[in-house]
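There are 2 protein chains.
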Amino acid sequence: MSEPCIICVAITGSVPQKSDNPAVPITVSEQIESTQAAFEAGASIAHCHVREEDGTPTSDPERFARLVEGLKTHCPGMIIQLSTGGRSGAGKTRGGMLSLAPDMASLSVGSNNFPTRVYENPPDLVDWLASEMRSYEVKPEIEAFDLSHIFQAVALNRDGRIPGKLYVQFVMGVKNAMPADREVFDFYIRTLKRLAPEASWCAAGVGRHQLEVNEWCIAAGGHTRT
Amino acid sequence: MSEPCIICVAITGSVPQKSDNPAVPITVSEQIESTQAAFEAGASIAHCHVREEDGTPTSDPERFARLVEGLKTHCPGMIIQLSTGGRSGAGKTRGGMLSLAPDMASLSVGSNNFPTRVYENPPDLVDWLASEMRSYEVKPEIEAFDLSHIFQAVALNRDGRIPGKLYVQFVMGVKNAMPADREVFDFYIRTLKRLAPEASWCAAGVGRHQLEVNEWCIAAGGHTRT
Ligand SMILES: [Zn+2]
Ligand SMILES: [Zn+2]
Ligand SMILES: [Zn+2]
Ligand SMILES: [Zn+2]
Chain A
1 MSEPCIICVA
11 ITGSVPQKSD
21 NPAVPITVSE
31 QIESTQAAFE
41 AGASIAHCHV
51 REEDGTPTSD
61 PERFARLVEG
71 LKTHCPGMII
81 QLSTGGRSGA
91 GKTRGGMLSL
101 APDMASLSVG
111 SNNFPTRVYE
121 NPPDLVDWLA
131 SEMRSYEVKP
141 EIEAFDLSHI
151 FQAVALNRDG
161 RIPGKLYVQF
171 VMGVKNAMPA
181 DREVFDFYIR
191 TLKRLAPEAS
201 WCAAGVGRHQ
211 LEVNEWCIAA
221 GGHTRT
Chain B
1001 MSEPCIICVA
1011 ITGSVPQKSD
1021 NPAVPITVSE
1031 QIESTQAAFE
1041 AGASIAHCHV
1051 REEDGTPTSD
1061 PERFARLVEG
1071 LKTHCPGMII
1081 QLSTGGRSGA
1091 GKTRGGMLSL
1101 APDMASLSVG
1111 SNNFPTRVYE
1121 NPPDLVDWLA
1131 SEMRSYEVKP
1141 EIEAFDLSHI
1151 FQAVALNRDG
1161 RIPGKLYVQF
1171 VMGVKNAMPA
1181 DREVFDFYIR
1191 TLKRLAPEAS
1201 WCAAGVGRHQ
1211 LEVNEWCIAA
1221 GGHTRT
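If you read the protein sequences in the order shown, they are chains A and B.
Residues in the first sequence are numbered from 1 upward in steps of one, following the numbering used here.
Residues in the second sequence are numbered from 1001 upward in steps of one, following the numbering used here.
Any given hint might turn out to be false.
DSS-like cross-link-like pairs, simulated, lysine-lysine; straight-line CA separation at most 30 Å [what the hints assert, rightly or not]: (1) A:K175 - B:K1092; (2) B:K1175 - A:K139; (3) B:K1139 - B:K1165; (4) A:K175 - B:K1175; (5) B:K1092 - A:K92; (6) A:K165 - B:K1092.
Just the calculated beta-carbon pair ranges, DEER-fashion [to be verified]: (7) B:W1128 - A:E69: 43 to 49 Å; (8) B:E1053 - A:G160: 39 to 45 Å; (9) B:I1218 - A:G77: 32 to 38 Å.
These aren't lab readings, by the way, just hints derived from the structure by calculation.
Predicted model only: the values in this text are computed from it and were never measured.
Every residue, glycine too, gets a C-beta built ideally from N, C-alpha and C.
The shape of chain A in the complex, shown without the other chains:
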């Protein structure tokens, strides 16, 4: 491929705790340190979550601001993508950091089940997050947890709520959402190409599916998230 492979690094995520793995970077300075290591190893996008002191996920704009500040200093040129995901807050608090005008932010456009609850992305919240991203010129990375989310992203793109070329991440392997299934992965790509030929995509396999999905991703010419 002539296009360089974009490696997207999700340093922390919102789920793992120090009690699961003591190496998980939780504080902002730990996150900056490990992102810098990934950046020097070739990662070009940092997908960022932040945590409270006690490790619980948060959407606190002040913490995001410190992280963005540190990444700009230590990883110059790296694309910074902030998470607006629902594991770190509810309703509009999920978009409070968009005024920091990061390069990118994640955007879920539909709802689905998570291991023990509903991942709620009601239509009015999706519209509001998309409008904030337009205001601050933040490029959304669509998080597709299911097939209809690809159709929804295309609808938002066509009517201007998401301007420009779509960038979609397929998320697979979350319990009670879409499993890591190779035929679905291929159909996701085929559907996105059919509906939005200009779109880019990447894929993330969660937990034990990470390596498998990365391999499919590289083989199919998408970007990977590690």
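We have chain A; now place chain B with the ligands onto it with these hints.
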């Protein structure tokens, strides 16, 4: 095909009101009358919702009991399927009519967006509805509003939470959920056959997509809902 085509009739649904269409049967006696007409015309499954006096959807077991009673009298042999859908109630009230032990009941196994809100089917509610259906020997019709719902139905079937052969309905054309898309329809069938070769399926196109989806359905050998 040697298998007879099962026509599934949804007399009322939970959305239309008399103000939209004065011909919509709202009261229990109107519902029985119009179901009988469909039964005499060849429909074999009645998919049933009930309404309050003022037309608002409800899950009231007493109303369902009167409807079941009337259908058993006027449509002998017709398969009665009661809706546990979330437009008529929240949480466990959605399954209060399962103790009537109807032949079938609808079962949503995942969450998704609806036109203005989240259709919430949290994992613990799905488990509870499935367990009530097992207790009263009610056959679930899985309502698949998105692709992952097919995977979820298969998972529930494999671990015994949904015993027997799966019966899945693909629902297409609801705004903010899966649109009526022919390639997705074909992929739904292919995926269900791959994961659960014994399963049966039907499909419902909502609103203006009803006729189109019925045509795909008949062409592909599934059952249709009118
Ligand atoms: Zn990515
Ligand atoms: Zn994330
Ligand atoms: Zn049906
Ligand atoms: Zn229904």
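Structure-based check of each hint:
Taking the CA atoms of K175 of chain A and K1092 of chain B, the gap is about 23 Å. The hint holds against a cut of 30 Å. At most 30 Å may separate the alpha-carbon atoms for a hinted pair to count; K1175 of chain B and K139 of chain A meet this at roughly 25 Å. At most 30 Å may separate the alpha-carbon atoms for a hinted pair to count; K1139 of chain B and K1165 of chain B meet this at roughly 9 Å. With a CA separation close to 25 Å, the supplied pair K175 of chain A and K1175 of chain B stays within the 30 Å bound.
Among the hinted pairs, K1092 of chain B with K92 of chain A is consistent with the structure: their alpha-carbon atoms are about 29 Å apart, no more than 30 Å. Taking the CA atoms of K165 of chain A and K1092 of chain B, the gap is about 43 Å. The hint is violated against a cut of 30 Å. Range check, W1128 of chain B to E69 of chain A: about 47 Å between beta-carbon atoms, so the 43 to 49 Å window is met. For E1053 of chain B and G160 of chain A, the Cβ-Cβ distance of about 44 Å falls inside the hinted range of 39 to 45 Å, so the restraint holds.
Range check, I1218 of chain B to G77 of chain A: Cβ separation about 57 Å, and the 32 to 38 Å hint is violated.
When each numbered hint is compared with the structure, violations occur for hints 6 and 9.
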